[in-house]
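Asks: Line by line, the protein sequences give chains A and B.
Take the first sequence: its position 27, counting from 1, is numbered 27 in the working numbering, and each next residue is one higher.
Take the second sequence: its position 74, counting from 1, is numbered 74 in the working numbering, and each next residue is one higher.
Some clues are possibly wrong.
To be verified - Listed next, with one range per pair, are the computed distances between beta-carbon atoms:
no., chain 1, residue 1, chain 2, residue 2, range
1, A, 50, B, 44, 19 to 29 Å
2, A, 8, B, 63, 23 to 33 Å
3, B, 42, A, 111, 21 to 31 Å
4, B, 9, A, 109, 24 to 34 Å
5, A, 67, B, 63, 36 to 46 Å
Honestly, the hints are just simulated from the structure, not real lab data.
Since we're looking at a predicted model, the values are computed, not measured.
Heads up, the beta-carbon is just placed ideally off N, CA and C, and yes, glycines get one too.
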Amino acid sequence: GQNIDQPTEMTATEGAIVQINCTYQTSGFNGLFWYQQHAGEAPTFLSYNVLDGLEEKGRFSSFLSRSKGYSYLLLKELQMKDSASYLCAVRDGNTGFQKLVFGTGTRLLVSP
Amino acid sequence: DTAVSQTPKYLVTQMGNDKSIKCEQNLGHDTMYWYKQDSKKFLKIMFSYNNKELIINETVPNRFSPKSPDKAHLNLHINSLELGDSAVYFCASSQVSSGPAGYGYTFGSGTRLTVV
């Protein structure tokens, strides 16, 4: 089975940097995704890691350590519009098909 | 626009009723999914179809029955609705045979189901 943990809620100030951690335990790891979900909207894709290391994409970066079962999403130069939930999801390769298992999400509140 | 679209966006119904939610994707993906997001925002997979064949069927009451007439459509029918079925239901699609990048799912905008 899978177990994915994230902090429930975080707060930060506009312009700051915030790091959202995700730890996971899974029997068939085949990639880790981060999604952003604004209130009342669908999750949208942010980043994907399958190898160890850092993937950078503009203000957002994501890091993966497979040996530690650990990932983080780094958001720089925070903007008010970054207030949203951030979902960590692990792709389970055991089934032979894609199956994303989501964590409970981290609600980020950015204040002025 | 290329997208995953689901209807209706909102659904309010009484306990005991039967209702359906429809989903269509025009991304050419071969796999579609239904996820349920509860009040605590936890997204949990319910079903998945690959080229019209059921490949994932999580522990879901058999009052829920998915149907995929073709690989671009995946509908969800719910019988004898209960209060606990109230949630947001998301449809999603992906291309299983995608390359190493594997960019995960594209989600529909969700259907907020309220059972009263």
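Asks: When the structure is checked against the list of hints, which entries are broken? Sort them ascending.
Replies: Structure breaks no hint.
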